[in-house]
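Fit chains W, X and S to the supplied structure of chain C, relying on the hints for placement.
Top line first, the protein sequences correspond to chains C, W, X and S.
Counting along the first sequence from 1, when you hit position 108 you're at 108 in the numbering used here, and nothing is skipped either side.
Counting the second sequence from 1 gives a position; the numbering used here is that position plus 1000.
Counting the third sequence from 1 gives a position; the numbering used here is that position plus 2000.
Counting the fourth sequence from 1 gives a position; the numbering used here is that position plus 3000.
Hints should not be assumed to be uniformly reliable.
[What the hints assert, rightly or not] Cβ-Cβ distance ranges computed for the label pairs, FRET-style:
1) C:ASP43 <-> S:PHE3006: 40 to 46 Å
2) C:ILE125 <-> X:GLU2003: 57 to 63 Å
3) C:PRO95 <-> W:ILE1125: 34 to 40 Å
To be clear, the hints were calculated from the coordinates, so they are not data collected in a lab.
Where a beta carbon is used, it is the ideal one built from N, C-alpha and C, also for glycine.
Chain by chain, the residues run as shown.
4 protein chains.
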Amino acid sequence: MNETPFPAVAAAIRKTLEGQGFTKLVGAQVVSVDPGAVVMALDRRPDVLQQNGLFHGGVIAYLVDNATTAAAATMIDRADRSVITAEYKINLVAPSKGDRLTCRAEVVKPGRSLTVVEAKVYCRIDGEEKLVAVALATIANLDIKTA
Amino acid sequence: MNETPFPAVAAAIRKTLEGQGFTKLVGAQVVSVDPGAVVMALDRRPDVLQQNGLFHGGVIAYLVDNATTAAAATMIDRADRSVITAEYKINLVAPSKGDRLTCRAEVVKPGRSLTVVEAKVYCRIDGEEKLVAVALATIANLDIKTA
Amino acid sequence: MNETPFPAVAAAIRKTLEGQGFTKLVGAQVVSVDPGAVVMALDRRPDVLQQNGLFHGGVIAYLVDNATTAAAATMIDRADRSVITAEYKINLVAPSKGDRLTCRAEVVKPGRSLTVVEAKVYCRIDGEEKLVAVALATIANLDIKTA
Amino acid sequence: MNETPFPAVAAAIRKTLEGQGFTKLVGAQVVSVDPGAVVMALDRRPDVLQQNGLFHGGVIAYLVDNATTAAAATMIDRADRSVITAEYKINLVAPSKGDRLTCRAEVVKPGRSLTVVEAKVYCRIDGEEKLVAVALATIANLDIKTA
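Isolated chain C, as found in the complex (with noise of 0.2 Å):
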């Protein structure tokens, strides 16, 4: 049953992850929320790199825990539910060596207690987006509401 309009309810996805304490550390910004896809993306300066100059493993990991709970949470249209994230697996498959990294995340399958969502991570390396990493996550819809 669809009880809240989408821009409500894209609007307090939106209002919840830039309301977090890690997403205004790392600097994210939440770049688009539609139904069933969240885009998510962060520019690059030294406090978010490892060793070798590139996008640390964990920001990248960041990007997809949040972008991938709030695609879920973008089918979760009435105020008594919410969703957490149960599990995800990620693929590093280039160095992440650009400047801008960008997270679209885009569910697979909707379900009423579980729903999979697969994400792609891109690098923007002199201009142009390479794909660094591809993940697959599993987000829990729960009967109460948490936030």
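Relative to the frame of chain C, chains W, X and S by itself:
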């Protein structure tokens, strides 16, 4: 062929981890580096949390990423080899609402080209360590020195 | 609330596993069913192998799928609940060139809606058990009886 | 360096898959082998099912294991190299209660030492293909010929 004594290997791993821009930003500590096992930890503060006051899943993933890769690195004793994270899966199994996270990574199976590492993340809640995440990682060994 | 005595729970799990068409085709055995732990095994014969004479990865996955789900089922003691496999990850860590596979699954974290289970698969090679696969699974608990 | 023409590569992969003892036991078919993509299928019969009349999860994993590894093998065009499955994660997203399973595997990122492959498994239910599983696999490329 063992070319470098372990204390020197461990010191180099610790220095690499502690020198990462993102490790400094997150504020994580390297608790111990032993053959096949690395422990990292992080104390609670507002900017490593999510919206409900729990440690952020991305922080847990950061610890898993670093500790599993470092545990694999302890098996690489030659100065001309290095490791990179190929992939990992992480299950978040309980809310991390305590005051300190500890990630214990242990090599399950070292290999010439791939090393498989397990990790468990505990959160200290009211003085007791509780399991909050379980992970399984694949680390690739390279025949070049990256850092 | 514990409504069914464990021996009856274990007997029902064993009967379900052994009654599966695919279990009969593969020829696997249920070695033991204990609270939170299930062991399954399979002896070598040509039609469970791949092209190099090793146990087929699909056979190893079959054991992991069944043993982890059954281990989660041991935690469900009410007649009106059941389990289904949500997802799992499996690392094949060494060639399974021996004469018997044994998969040991253990619940890491039981939960109301999701149970997380680890599994290790060993192959008996020249009389010694060697680790050949490691897995991490998420099993969903349903409020209905499916079988 | 491309040394072998693709039709010969594809024929060798098909022959390897079809010659596996376990493939014959399961009764799976190789539908197509293209550069970076392999499709396999299996028709319903009682001995590939689980207790509720659905295709067994182990059968789905078998298709994923074989199709993803074969898709990676299509990128290996030299006679002195080969592939082995390093790991995969599989999400079972809907009950496979139809009459035919089809697994479509596609290479996401080929690499010198590791190739990452996605797979989707569909079940034909009442004449329509429905997504029943999603997988993400890491295949290792070896500098030796194993088969």
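Against the structure, the hints:
Take ASP43 of chain C and PHE3006 of chain S: their Cβ atoms lie about 41 Å apart, and the range 40 to 46 Å holds. The supplied range of 57 to 63 Å is met by ILE125 of chain C and GLU2003 of chain X, whose beta-carbon atoms lie about 59 Å from each other. Range check, PRO95 of chain C to ILE1125 of chain W: about 38 Å between beta-carbon atoms, so the 34 to 40 Å window is met.
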